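> Letter by letter, the chains look like this.
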Amino acid sequence: MKKWQPYLLLSPLILLGLLFLLGVGNALVQSLGYIPAFNMKEITLKYYRQVFNEPALFASVKVSLVIAAVSSVLAAVFGVVLCAALTANGRVRNKVLQIVRIPILVPHTIAALFIIMFFSQNGLLARILFHMGTLGSQADFPAILFTTNNIGIIMAYLWKEIPFVAYFVLALMSSINATLGEAAENLGAPGIKSFLHITLPLCMPAVNKAFLIIFAFSFGAYELPFLLGATIPKALPVQAYIEYINPDLRHRAYAMAMNGVMLLITLAISAVYYWLSRRTYDKGGNRFGS
Amino acid sequence: MELSLKDISVTLSGEEILKSIDLTIEDGAIISLLGASGCGKSTLLKTIAGIITPSGGSVFLNGSCADNLPPHRRGTVIVFQDLRLFPHMTVADNISFPLKMRGVSKEQCRKTAVELLEKVQLEGYGERKINEMSGGQLQRVALARALAAKPNVLLLDEPFSSLDENLRQDMRKLVLKLQKEYRITTILVTHDRQEALCMSDRIALMKSGKILQYDTPERIYHAPASREVADFFSENAYIDGTVTDHAFTCDIAAFRTEMPDGPYQAVLRPGAVRIGPWDGKRDFQVTEISYRGEDYGISLKDQTNGLVLNTSVPSPCMFKVGDLVSVQLDQEKIILLPR
Ligand SMILES: Nc1ncnc2c1ncn2[C@@H]1O[C@H](COP(=O)(O)OP(=O)(O)O)[C@@H](O)[C@H]1O
Ligand SMILES: [Mg+2]
Numbered sequence: 262m263k264k265w266q267p268y269l270l271l272s273p274l275i276l277l278g279l280l281f282l283l284g285v286g287n288a289l290v291q292s293l294g295y296i297p298a299f300n301m302k303e304i305t306l307k308y309y310r311q312v313f314n315e316p317a318l319f320a321s322v323k324v325s326l327v328i329a330a331v332s333s334v335l336a337a338v339f340g341v342v343l344c345a346a347l348t349a350n351g352r353v354r355n356k357v358l359q360i361v362r363i364p365i366l367v368p369h370t371i372a373a374l375f376i377i378m379f380f381s382q383n384g385l386l387a388r389i390l391f392h393m394g395t396l397g398s399q400a401d402f403p404a405i406l407f408t409t410n411n412i413g414i415i416m417a418y419l420w421k422e423i424p425f426v427a428y429f430v431l432a433l434m435s436s437i438n439a440t441l442g443e444a445a446e447n448l449g450a451p452g453i454k455s456f457l458h459i460t461l462p463l464c465m466p467a468v469n470k471a472f473l474i475i476f477a478f479s480f481g482a483y484e485l486p487f488l489l490g491a492t493i494p495k496a497l498p499v500q501a502y503i504e505y506i507n508p509d510l511r512h513r514a515y516a517m518a519m520n521g522v523m524l525l526i527t528l529a530i531s532a533v534y535y536w537l538s539r540r541t542y543d544k545g546g547n548r549f550g551s
Numbered sequence: 007m008e009l010s011l012k013d014i015s016v017t018l019s020g021e022e023i024l025k026s027i028d029l030t031i032e033d034g035a036i037i038s039l040l041g042a043s044g045c046g047k048s049t050l051l052k053t054i055a056g057i058i059t060p061s062g063g064s065v066f067l068n069g070s071c072a073d074n075l076p077p078h079r080r081g082t083v084i085v086f087q088d089l090r091l092f093p094h095m096t097v098a099d100n101i102s103f104p105l106k107m108r109g110v111s112k113e114q115c116r117k118t119a120v121e122l123l124e125k126v127q128l129e130g131y132g133e134r135k136i137n138e139m140s141g142g143q144l145q146r147v148a149l150a151r152a153l154a155a156k157p158n159v160l161l162l163d164e165p166f167s168s169l170d171e172n173l174r175q176d177m178r179k180l181v182l183k184l185q186k187e188y189r190i191t192t193i194l195v196t197h198d199r200q201e202a203l204c205m206s207d208r209i210a211l212m213k214s215g216k217i218l219q220y221d222t223p224e225r226i227y228h229a230p231a232s233r234e235v236a237d238f239f240s241e242n243a244y245i246d247g248t249v250t251d252h253a254f255t256c257d258i259a260a261f262r263t264e265m266p267d268g269p270y271q272a273v274l275r276p277g278a279v280r281i282g283p284w285d286g287k288r289d290f291q292v293t294e295i296s297y298r299g300e301d302y303g304i305s306l307k308d309q310t311n312g313l314v315l316n317t318s319v320p321s322p323c324m325f326k327v328g329d330l331v332s333v334q335l336d337q338e339k340i341i342l343l344p345r
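Chains A and Z are the protein sequences, given in the same order.
The numbering used here numbers the first residue of the first sequence as 262 and each following residue consecutively.
The numbering used here numbers the first residue of the second sequence as 7 and each following residue consecutively.
Since the hints were made in silico from the structure, they are not lab data.
Nothing here was measured: the structure is a model prediction, and the numbers come from that model.
Positions of the beta carbon are idealized from the N, C-alpha and C atoms, including for glycine.
A portion of the hints provided could be inaccurate.
What the hints assert, rightly or not - Over the 12 Å line for every Cβ pair with chain A, so calculated as not near, a few chain Z residues:
(1) Gly44
(2) Ile57
(3) Arg80
(4) Gly81
(5) Asp99
(6) Glu129
(7) Pro157
(8) Asn242
(9) Arg288
(10) Gln309
(11) Gly328
Said to hold, decoys possible - What follows is a set of in silico ranges between Cβ atoms, one per label pair, in the way DEER data are often shown:
(12) Gly130(Z) x Leu366(A): 52 to 60 Å
(13) Ala439(A) x Ser140(Z): 19 to 27 Å
(14) Leu75(Z) x Lys264(A): 28 to 36 Å
(15) Gly130(Z) x Gln359(A): 47 to 55 Å
(16) Ala439(A) x Gly109(Z): 55 to 63 Å
(17) Leu366(A) x Leu75(Z): 37 to 45 Å
(18) Gln175(Z) x Ala439(A): 26 to 34 Å
To be verified - A few chain A residues facing chain Z, derived, Cβ under 8 Å:
(19) Leu441
(20) Glu443
(21) Ala444
(22) Glu446
(23) Asn447
(24) Ala450
(25) Pro451
(26) Lys454
(27) Ile459
(28) Leu463
(29) Ile506
(30) Thr527
Please model the complete structure; the sequences and the hints are all you need to start from.
Spelled out as structure tokens, the structure:
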């Protein structure tokens with residue numbers, strides 16, 4: 262292998278990475294008020310100050326954090342449970358896996374439409390329950406869409422992310438289960454103990470990665486809160502999008518500052534999480550499969 | 007604990023891997039499963055341990071059927087070929103894992119781990135991480151962990167194959183010592199005939215999912231049940247002949263025997279073939295000489311009928327390829343197999 266060969270093979274990835282970084286960098290520069298096209302050339306933190314002085318911001322941050330945290334934690338937990346079930350039932354696995362793959366492939370907007378179809382107050386479920394006489398009127402169906410409890414958004418995320426976590430962890434979990442898990446049972450550990458003491462701890466690096474991915478995504482993604490969320494307060498990405506499409510182009514710096522805040526929060530949380538998970542797994546022996 | 011297999015068959019992915027295996031190991035004995043790679047040795051161990059469910063037959067532990075015992079309650083502990091130590095635990099935690107699973111107190115776990123570490127000559131290594139140990143040390147940790155589970159039956163899957171020769175000798179001694187000390191019924195899987203011969207009370211020789219012969223090392227070597235068994239232990243030549251009136255006769259030999267009349271095949275092991283005498287009929291030609299340290303291996307070919315014999319001569323070797331020599335057979339060492 263020649264020295265430059267790995268770089269050549271990686272070049273498409275590097276190119277994409279550069280484009281991405283360019284975009285992020287551009288946004289950050291704009292958030293500092295430097296947009297020569299609109300004749301804005303002064304570097305300033307003014308827009309960040311404006312953003313932080315906006316009382317609605319904290320409400321938006323909170324909404325986004327709650328949605329991301331609740332959906333990601335639940336998705337990680339149930340994803341691992343699903344993954345364990347798939348691992349334990351080797352025979353049906355491949356058939357079930359086809360079904361598990363569907364939610365991963367379906368776009369978020371379609372997921373939102375499903376949720377509206379089934380769970381809105383004039384959706385399928387409400388109608389069925391009404392006709393069965395369980396509900397006095399369709400309006401008695403609990404409001405989970407377009408309200409501040411954000412249950413609809415979280416449900417839509419879970420529908421997509423539980424399979425994602427399961428799929429992401431499955432290869433590692435199967436291989437650990439077939440070797441070390443088998444050894445643990447052979448040494449006298451019942452299946453559940455073998456899972457909790459051996460297989461799960463060794464899968465945690467993969468679970469952590471999956472968690473970080475879905476957390477960062479659900480914190481920053483805009484479709485689901487836009488389609489299923491309350492009017493006020495709006496999730497951070499929705500708010501940022503609304504600022505972005507403001508007809509006054511000079512308002513863009515403000516929108517970009519909001520994106521900057523989102524980026525900072527994501528980075529900070531990822532850093533903390535990364536640090537926490539490292540600390541946990543460096544205590545034991547070496548880490549497996551990561 | 008006595009282990010007994012009755013008519014065990016195993017099918018994996020539609021392929022019959024084990025075919026009607028019968029085997030009994032008395033309490034406290036150590037036997038070898040000897041066979042070429044891929045003949046089903048590991049599969050048999052996993053079947054005994056309940057990891058693989060046989061398609062037919064039963065496993066008995068001390069006479070009672072173990073088929074419905076799940077793996078974690080069988081007490082048939084495997085030291086896997088790839089060891090399978092837990093990488094996220096220390097050496098001591100690995101060893102006390104089986105105890106922890108039984109709810110043994112932390113204090114007792116620690117004590118047992120220290121004790122077992124001493125038994126496998128790894129005093130003071132308890133707090134090491136798994137990735138800080140050498141191959142030979144890991145081998146011993148795996149052995150200690152298996153012993154901690156207080157096995158009814160210990161199943162060793164090629165435990166020495168990854169070690170270099172010196173370590174291998176040490177480990178063999180250690181295993182034998184501990185096996186005798188704890189009197190654990192043990193199956194040692196190996197593809198090394200020397201290892202099987204020197205370590206076991208009995209040897210079960212396997213080929214393509216079947217047991218060809220199950221016997222003591224001496225008998226399996228000196229009284230092989232078939233040509234396949236004889237071939238596993240040495241490079242033999244075979245000559246057809248017949249026994250009539252207590253005398254075996256073939257092309258190149260004739261001697262007295264107690265075998266009943268009938269057609270036989272004489273197994274000529276290298277040890278049964280000697281070069282000489284000098285004034286004998288020189289109808290064998292030296293076709294190959296290979297140096298082996300202690301001695302030379304020599305292949306000889308009969309000029310008249312093409313029969314190839316193998317033998318050895320002590321170092322230094324005074325022959326060279328192409329020499330013509332005479333050959334003598336040691337009648338005591340010739341084995342007769344009915345044809
Ligand atoms: N899960 C499996 N599915 C199908 N065939 C298998 C499986 N495991 C092992 N085998 C086959 O069974 C045979 C015996 O394997 P194994 O017991 O590992 O042999 P050994 O330990 O004697 O080398 C091999 O031919 C192997 O390919
Ligand atoms: Mg094997």
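> Hint by hint, where does the structure go against what was stated? Just the numbers, ascending.
2, 3, 4, 5, 7, 14, 16, 29 and 30
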